[in-house]
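Can you build the whole structure from these sequences, using the hints too?
Protein chains in written order, with our numbering: chain W, 1 to 475; chain L, 1001 to 1475.
Keep in mind that the hints are not guaranteed to be accurate.
Pairs of lysine to any residue, SDA-like flavour, derived with a Cα cap of 20 Å [as the list claims (entries may be wrong)]:
#: 1; chain 1: W; residue 1: K197; chain 2: L; residue 2: K1184
#: 2; chain 1: W; residue 1: K3; chain 2: W; residue 2: D285
#: 3; chain 1: W; residue 1: K197; chain 2: L; residue 2: K1197
#: 4; chain 1: L; residue 1: K1197; chain 2: W; residue 2: G67
#: 5; chain 1: W; residue 1: K300; chain 2: L; residue 2: K1184
#: 6; chain 1: L; residue 1: K1194; chain 2: W; residue 2: K197
#: 7; chain 1: W; residue 1: K184; chain 2: L; residue 2: E1299
#: 8; chain 1: W; residue 1: K197; chain 2: L; residue 2: K1351
#: 9; chain 1: L; residue 1: K1184; chain 2: W; residue 2: P25
#: 10; chain 1: W; residue 1: K197; chain 2: W; residue 2: E208
#: 11; chain 1: W; residue 1: K194; chain 2: L; residue 2: R1074
#: 12; chain 1: L; residue 1: K1184; chain 2: W; residue 2: G67
#: 13; chain 1: W; residue 1: K197; chain 2: L; residue 2: L1295
#: 14; chain 1: W; residue 1: K418; chain 2: W; residue 2: D285
#: 15; chain 1: L; residue 1: K1351; chain 2: L; residue 2: I1322
#: 16; chain 1: W; residue 1: K184; chain 2: L; residue 2: Q1150
These are computed hints drawn from the structure, not numbers from a lab.
Below, each chain spelled out in residue letters.
2 protein chains.
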Amino acid sequence: MEKQIRLNALDMNCVGGTPGLWPHPADETLRYNQLSYWTGLAKLLERGLFDALFIADIFGVYDVYAGDAGAAFRNAVEFPVNDPWVLLPAMALVTEHLSFGVTGTATYEPPYSFARRLSTLDHLTGGRLAWNIVTGYLDSAARAFGRNGQLPHDERYEMAEEFMEVVYKLWEGSWEDDAVRRDKAARVFARSEKIHKVRHHGHYFRMEGYHLCEPSPQRTPILFQAGASARGRRFAARHAECVFVSGSDPAAVAQITRDVRARVREEGRDPESVLIFCAIVVVADESGRAAEAKLADYEKHASLEGSLALLSGYMGVDLSSIDLNDPLRSREFDAIQSCVDRFSRIDPHRKWTFRDAVSRFGVAGYKPMLVGSPETAADGLIRWMREADLDGFNLEYIVNPGDFEAFVELVIPELQRKGVYKTAYAQGTLREKMFGRGPRLPASHPAARFRQDQNAPNLARISSEESGKLPRNSR
Amino acid sequence: MEKQIRLNALDMNCVGGTPGLWPHPADETLRYNQLSYWTGLAKLLERGLFDALFIADIFGVYDVYAGDAGAAFRNAVEFPVNDPWVLLPAMALVTEHLSFGVTGTATYEPPYSFARRLSTLDHLTGGRLAWNIVTGYLDSAARAFGRNGQLPHDERYEMAEEFMEVVYKLWEGSWEDDAVRRDKAARVFARSEKIHKVRHHGHYFRMEGYHLCEPSPQRTPILFQAGASARGRRFAARHAECVFVSGSDPAAVAQITRDVRARVREEGRDPESVLIFCAIVVVADESGRAAEAKLADYEKHASLEGSLALLSGYMGVDLSSIDLNDPLRSREFDAIQSCVDRFSRIDPHRKWTFRDAVSRFGVAGYKPMLVGSPETAADGLIRWMREADLDGFNLEYIVNPGDFEAFVELVIPELQRKGVYKTAYAQGTLREKMFGRGPRLPASHPAARFRQDQNAPNLARISSEESGKLPRNSR
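In structure tokens, the structure reads:
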């Protein structure tokens, strides 16, 4: 049987997905600050049996281009960007099965209140919560939180490792499974000897306290990670249950998925227990011709200035002085080169100028695009699944909700006809839906070491006074 | 015309309001971790035209009694306690007018992300947001956030003053009123010259960045404060639009309201522009006899152990070794004495033992209780309004939702008949509903000094590098 495609839709609590498309007449993302925008989207995605709505997030602004944030402000380039977490309960109320993944930084917020917020959401959604662990990449975010600048890249991951240790202790170790009685007749809410104080005195974090929440359905929410660097992939291999990858063609992504699965194995975990999702954009319509016309219309709305602001922020290089007519590969900067490489892989036979590349970026970012009829789109997705050894996709939009509507109405039925997409939701929490087991993390996951209600001899102490590095799994 | 009574209902994202009543057969607060509990409560309160649901919160646990948290765990004494903020969007979705006030500490979270969360909620609720500013009172909370213990009481307020300065700069100063264009035709989201970077380098907080949210309906949410100390009342007099007070009888509360209004005047603000709410518990039924029987039934459920755990935490004194049969006033400790004073004022003619006082505390806390028929309850509220110069009440429950249901079904119609309670909601944001003007803070409020789009000569600079103390209002 063909592998089943899993699907997340990607959005962000801001105006527009790709810079410059929000002014498109059919785009409704200006309503991002209204509840009805989000409840409508959630209902649409549940109609299409999407596994989850994934909400990206960023602190800070894109102020590298031309040395200020003007272009980002004019074009609403991921700014303003509202808090994503508070959206979930309203969407959970109008859906039954759709899950919600949210980007949260392991850099700027105290782990104690962060862990409480996520536990609360796992309770309120009935275990439909996922967390995308990020470390941030904008200096402006670091300054907004009172630092002089970001920590070095790899050190941000060291800090994130310690953040994970603290939240694992809180989620997995503070309350034993049978701590909660909720017994009205006996007048006992919880058994005090089953609730443990977490003590963490580490290099970056220090705390001492009980987790404020009784165990939620999943305890630790499903863990997403998208690190692209070697250090980021090592982090993902240890912690992530779902890994986000991106690349311009299936062969390039296949290299990444091989590497991710090999690293997961090195961490003592089952390589098939990690689900890999690739970012993709699908522009579908009744016919291939209609889809091409739709894309051509989208392209007219792309914003060169907005794209340059976003790209400059991604790369940390001010692109305001480049000559847009220069051919790609003509630049010396390493940072730009890596960007250029990505674009040139999208269509290696084309002579790309900077303007071409930025325009393409302004429509669909770095992501590969499938454009065509429902059958073309479905076949393309199946080909990506096979050739890149994927488990599913993070579907991004150009115009919202139009692109998601077209996908739900046209492409989902085609995928179902081809037998590669579910026709009903599975029962249970997101972890049970995704993996067919759960609702808690498996014993092979490093978080399981912090559980206090097992007699395993290698159990980590959640109350050790010395900085515990997260204990290594036996290999 | 008789002054109109304003009403907030009080709840907390935890099991039970008063310790020990959650096992009552009619109490549903064990469902605090389900969305339906909160949407049901919100709809009930909107049916009763309540102004707001106020959600209290606490970080940390009550671990003073007997030197550990066992009694708090067994009796679910404000523990577990989930995140309150994320409840709001689900309740906003099922209501149109009800507002939401949430307790948030100005001590433990970074102001940058805190300000974003509140702006997001003010957007999503259409300006139905209030914030109850607290500084915390549990050492266990301080340790959970990595400190050795709390700052001294008055210094916590100094820190809160600086926290307010940072969030005012973000909410009021970062975006000018005409910064947002949202112009699809012109392809301009915002005018970059109208968005200002906030720089704050103070004693407790340091940050540099643009507020991440476009202006929400109220910008600064309605500000609640409940400080009872002299320093706390000075803080409230400067910042609060609504002040929470409590006391055992109208005469005692009248002293407090006089003091609050005098302090507001000293801060250069109109004393009548601050609304004063008194905590109260109402046990109402069809007849006085039925109400008394209801209370007698509640009293049977009170938890002595839970009450002692909560009281010990409030007072910071371990009460586990007291003799419950001792008469009140026999103790030497100052901290207990202040507690004893409160109880003895409730009924000065009664000879209270410690056990009596703790049992009374276990039903309705320190709060005064009105028990009786709808007419008795309504007359009691009107008497409190007059004698204590109040603007309204924070209505607390013993059993939930029963006590709120009885109030909505029985007491609200009686108040309406007597002409002291609205028969329909006013339009607009919470600030417009509460004050008949808005939706922004008036120019006389200290936050207004941080607005950048006025030409007032005494305008505070939001970007001053030196620690700006919040500028004093002209008096």
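Verification of the hints:
1. W:K197 <-> L:K1184: Violated, at roughly 54 Å.
2. W:K3 <-> W:D285: Measuring from Cα to Cα gives roughly 25 Å; hence the hint is violated.
3. W:K197 <-> L:K1197: Distance ~41 Å between W:K197 and L:K1197 Cα, so the pair is violated.
4. L:K1197 <-> W:G67: holds (14 Å)
5. W:K300 <-> L:K1184: Satisfied, since the Cα-Cα distance of roughly 14 Å is no more than 20 Å.
6. L:K1194 <-> W:K197: Roughly 49 Å between the alpha carbons, so the hint for L:K1194 and W:K197 is violated.
7. W:K184 <-> L:E1299: It holds: about 16 Å lies between the C-alpha atoms, which stays within 20 Å.
8. W:K197 <-> L:K1351: violated (41 Å)
9. L:K1184 <-> W:P25: holds (8 Å)
10. W:K197 <-> W:E208: holds (7 Å)
11. W:K194 <-> L:R1074: holds (11 Å)
12. L:K1184 <-> W:G67: Distance of about 26 Å is beyond 20 Å: violated.
13. W:K197 <-> L:L1295: Not OK: W:K197 and L:L1295 at ~37 Å, beyond 20 Å, violated.
14. W:K418 <-> W:D285: This hinted pair holds, its Cα atoms lying about 18 Å apart.
15. L:K1351 <-> L:I1322: Holds: L:K1351 and L:I1322 sit about 17 Å apart, inside 20 Å.
16. W:K184 <-> L:Q1150: Since the Cα atoms of W:K184 and L:Q1150 sit roughly 35 Å apart, the hinted pair is violated (cutoff 20 Å).
Figure legend: structure checked against the earlier numbered hints; hints not met, in rising order: 1, 2, 3, 6, 8, 12, 13, 16.
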